[in-house]
Amino acid sequence: MKKLRLIAGVLALGLAVAACGGAKVEDDSAAAPSASAAGSAPASAGGTVKMAINGWVGYEASAAVVSYLLEHELGYKVEKVTLAEEPSWQGMESGDVDVIIENWRHPDLKKKYIEEKQVAVEAGSTGNKGVIGWYVPEWMVQKYPDITDYKNLNKYADLFKTSESDGKGQMLDGDPSFVTNDEALVKNLKLDYKVVYAGSEAALIKAAKQATDQKKPLLMYFYEPQWLFNQVKLVKVNLPAYTEGCDSDPKKVACDYPPYDLDKIVSKKFADTGGKAFELVKAFQWTNDDQNAVADDITNNGMTPEDAAKKWVEANPTKWQAWMPK
Amino acid sequence: MVSAPVQVAPPVEAPARARRLPRWVAPVAGVVAVVVLYVAFRGKAVLPHDDDATLFHWLNDARDWVDANRNSSPIFLYVVNYIRLGAAGVYEAIQAGLVALGWPGLLGLAAGLGWLAGGWRIALVSFAGFAGVGVLGFWEASVETLALTLSSVVLSLLFGIPLGIWAGRSPRVRRIVTPVLDVMQIMPTFSYLSPMVLLFLIGPASATIATMIYAMPPAIRITAMAIQRVSGVAVEASESLGATGWQTLGKVRLPLALNTIMLGVNQTIAAALSMVPLTALIAAPGLGEDLLRALARVNVGAALVPGVAIVLIAIVLDRMTRAAAQRREGGTRARAVRWGGFAVLTAAGLALLPVLAQDFPEQWEVQIVRPINDVVDWIEAHWYTFTGFLNDVVAYGLLNPLQDVLTNAPWWLVTAAVLVFAWRVSGAAAGLVATACLLCVAGLQLWEHAMETLTMVLVASVITIAAGLALGVAAARSRWFAAGLRPLLDAAQTMPSFSYLLPAVALFGNGRFTAITASFIYAVPVVARLVEDGLRAVPGTVMEAARSAGSTDRQLLWKVQLPMARGSLLLAANQGIVMTLAMVVIGALVGAGALGYDVVAGFAQQEDYGKGLAAGVALVLLGVMLDRITQGANGRRSPHKKRNA
Chain H
1 MKKLRLIAGV
11 LALGLAVAAC
21 GGAKVEDDSA
31 AAPSASAAGS
41 APASAGGTVK
51 MAINGWVGYE
61 ASAAVVSYLL
71 EHELGYKVEK
81 VTLAEEPSWQ
91 GMESGDVDVI
101 IENWRHPDLK
111 KKYIEEKQVA
121 VEAGSTGNKG
131 VIGWYVPEWM
141 VQKYPDITDY
151 KNLNKYADLF
161 KTSESDGKGQ
171 MLDGDPSFVT
181 NDEALVKNLK
191 LDYKVVYAGS
201 EAALIKAAKQ
211 ATDQKKPLLM
221 YFYEPQWLFN
231 QVKLVKVNLP
241 AYTEGCDSDP
251 KKVACDYPPY
261 DLDKIVSKKF
271 ADTGGKAFEL
281 VKAFQWTNDD
291 QNAVADDITN
301 NGMTPEDAAK
311 KWVEANPTKW
321 QAWMPK
Chain A
1 MVSAPVQVAP
11 PVEAPARARR
21 LPRWVAPVAG
31 VVAVVVLYVA
41 FRGKAVLPHD
51 DDATLFHWLN
61 DARDWVDANR
71 NSSPIFLYVV
81 NYIRLGAAGV
91 YEAIQAGLVA
101 LGWPGLLGLA
111 AGLGWLAGGW
121 RIALVSFAGF
131 AGVGVLGFWE
141 ASVETLALTL
151 SSVVLSLLFG
161 IPLGIWAGRS
171 PRVRRIVTPV
181 LDVMQIMPTF
191 SYLSPMVLLF
201 LIGPASATIA
211 TMIYAMPPAI
221 RITAMAIQRV
231 SGVAVEASES
241 LGATGWQTLG
251 KVRLPLALNT
261 IMLGVNQTIA
271 AALSMVPLTA
281 LIAAPGLGED
291 LLRALARVNV
301 GAALVPGVAI
311 VLIAIVLDRM
321 TRAAAQRREG
331 GTRARAVRWG
341 GFAVLTAAGL
351 ALLPVLAQDF
361 PEQWEVQIVR
371 PINDVVDWIE
381 AHWYTFTGFL
391 NDVVAYGLLN
401 PLQDVLTNAP
411 WWLVTAAVLV
421 FAWRVSGAAA
431 GLVATACLLC
441 VAGLQLWEHA
451 METLTMVLVA
461 SVITIAAGLA
471 LGVAAARSRW
481 FAAGLRPLLD
491 AAQTMPSFSY
501 LLPAVALFGN
511 GRFTAITASF
521 IYAVPVVARL
531 VEDGLRAVPG
541 TVMEAARSAG
551 STDRQLLWKV
561 QLPMARGSLL
571 LAANQGIVMT
581 LAMVVIGALV
591 GAGALGYDVV
601 AGFAQQEDYG
611 KGLAAGVALV
621 LLGVMLDRIT
631 QGANGRRSPH
641 KKRNA
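Taken in order, these protein sequences are the chains called H and A.
Just so we're aligned, residue 1 is where the first sequence starts under the UniProt record's numbering, counting upward by one.
Just so we're aligned, residue 1 is where the second sequence starts under the UniProt record's numbering, counting upward by one.
Bound conformation, chain H alone:
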């Protein structure tokens, strides 16, 4: 009985404390320590930075280089959180993510998390230029020269049939969480195709390699920056040209993807209290070739992201020294 009373007492006390104002999700107590709080590991003089890792290797390359500099030059500890794009934004609100190092526009999320909720802020361009589009292997263009016009795709739909495409042509997409309008495009451009998800970037790359080596027809969603373009020749299919605002309603899109100026997003808290770490993230800017070099090392040369980042950092001191906080 004594124990019970004790428990009741503790509970009552807890409730009394709790009743003081309710809990909001961005309370510091809700989230694990962020950049402001000192980490427990001795190496992390600066604190901890939580870096979202999205599911394509180009992103990982940028993240690896920034993490490497944060850890080895500024003494921070970097926690990598593997997440899809949209959940990464949610992580800004829940306190699980401080930095998204490569963001592909997402105007809707910017509106929600930057303007309305004010839990995230923009931290400038990464310098990378992004392209999203539909691609076919080069040999197909040589054989069927007019295939690069979307209007002719229906003519060739039979070529792209697979066991998964319901008797239509297969349009191979990547991870379901990637930025894509393809289902709407197929519907609104009245194409006789079905969008099939390969599940990941690696699966897309595998398909592209097979399509080139074995001369198998393939129509797929792909993007730049991307190291694969140095190895395999792919040609972009021309969709109706992009005009400002033609993609504002995701269900009614009938135009090509916009040109992407990839940028960085950080949590409001990180921007306010991240100190030197935030300054480095904000100053980070490089080219598509830089990213491809690191991504290529990670994917094809058997290096861990850390090793690949180290190699790049050692080879390009002038570039990264310009990002360092003064």
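Accuracy of the hints is not assured; some may be wrong.
Claimed, not checked - Quick list of in silico lysine to any residue cross-link-like pairs, SDA-like style, CA-CA up to 20 Å: (1) K111/H - D67/A; (2) K168/H - G43/A; (3) K190/H - D67/A; (4) K236/H - Y156/H.
No wet-lab data here; the hints were simulated from the structure.
All figures in this text were calculated on a predicted structure; none of them were measured in a lab.
Mind docking chain A on chain H? Use the hints.
Chain A in isolation, oriented as in the chain H frame:
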């Protein structure tokens, strides 16, 4: 559902009675009727998929409301957010504790606890298991996974055991709780995630709560059973001596039920460990993250190794709790030895903490990723024509035609077929529940995708059950085969479900057949084990009698063993189907589409949230439907059986 009745129709062996029609007439007539109706009404009253269904928009609006009011609505300010804070607190405390122990301390503690639970054997297993995790190079991630598992187990027990005690003492509570638990256990792990994210956002707190819900049913069930089984005599004796209700509970019921409750703890841990890796999708740290990353890179070796690490953790926790569940004799001296050993081992670990390096030493780690990948690359390069052929045979030969039938049949015909079939196999109640579930799926506007999922489940289950049956029969016949199979099955059962996706992806590329292959690997062990156990349970005297009557081995199997093991076989089928469903859904991560894809897209793309949430519910309904159709057969008193007896 057209082809199913043919396969599962009851054996037509008993001689027809003169007074009534032969037993095969009704099922055949049913099948003929379904086929005729299908041909007549094909393509009419179908429910094609519509991404723009009002229900989905409505759910999106609900999500937006929650998002906008998370920090202002009193429900969130005073209830939901505190639950989140509480779960986060438990997780952080446990995680900080485990990290503070350091690797020598944790190894010491594990060995000590093993010693305490079951002597030197278990101590050795615990030590070797955890050390193995470090040798594989996944120490840090494993500690995170362990922390998540332990915090959700602690919470499951905190709520599960009192609920179980209550249910054990009150039949009324039991009647309410049981169906809820049934649903919780059938629910594919995937469908938990969307609602969790909505309420608790992403992160370890949310993951802890999701895992807790998944892991609680065994704690409640087994506690209730343990309390019920406490002998009435002991309780009566205690009450007649004037003990109050609480005293009887604390001094008589609980101590007597303790060993069984420990088994509940064991099951709870197993359930938690199977859920935890999946929560990486909502930003939970640990081994699940490594698995996800390996999946994104289609790197089989990198997925297998964390899978093995999880198996090691599972083995340690399983052996420890299992040993603790066994009643241990011995006086004060034995107890002193037990606690003394525990203290020495733990202290030894902690004492080494300042001496040894802080991170698990890298030179002890073994690299096995590359050799595994070399093997996979070789298979990929050399078996390509074969795997492609297999994929096409199953896709064009089984999946496409069946999917075509299910999606083109009028909805009322499918529903009626399910009603009649379930009624016949499992009785009226099961039939009505199954039908109601199917109608609700239609109401959720997800009919077409549900039929696609159902197609995969049916094909995968048939293959799985056939293989499981063959393996189980072989294991029941040969002790050597069984001894060789058992450790393999044990490991296969504890591997996290989505580490199976990868070998399947490597072999068959992306698509439905890959999901089917993965669910096959996932569910076959359980089916095989249940079949084996069922066959072994056939009494030796019966076998002897049959043998002395001159039965051949084949006759023995078909006429004696299999019919007598009917209950276990049905249970095996039931488990096989439910597990297949759970896995086929996860197959959406590698392009299997259908309801699973809707769920994945739901938590990855804002505008698909409503559809994803609805798909999660549809999956639960589908699971309940399949479960009712197969499980009812167990409880129903079969007329054939009576006649045979």
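* Check each numbered hint against the structure and report the violated ones by number, ascending. => 3
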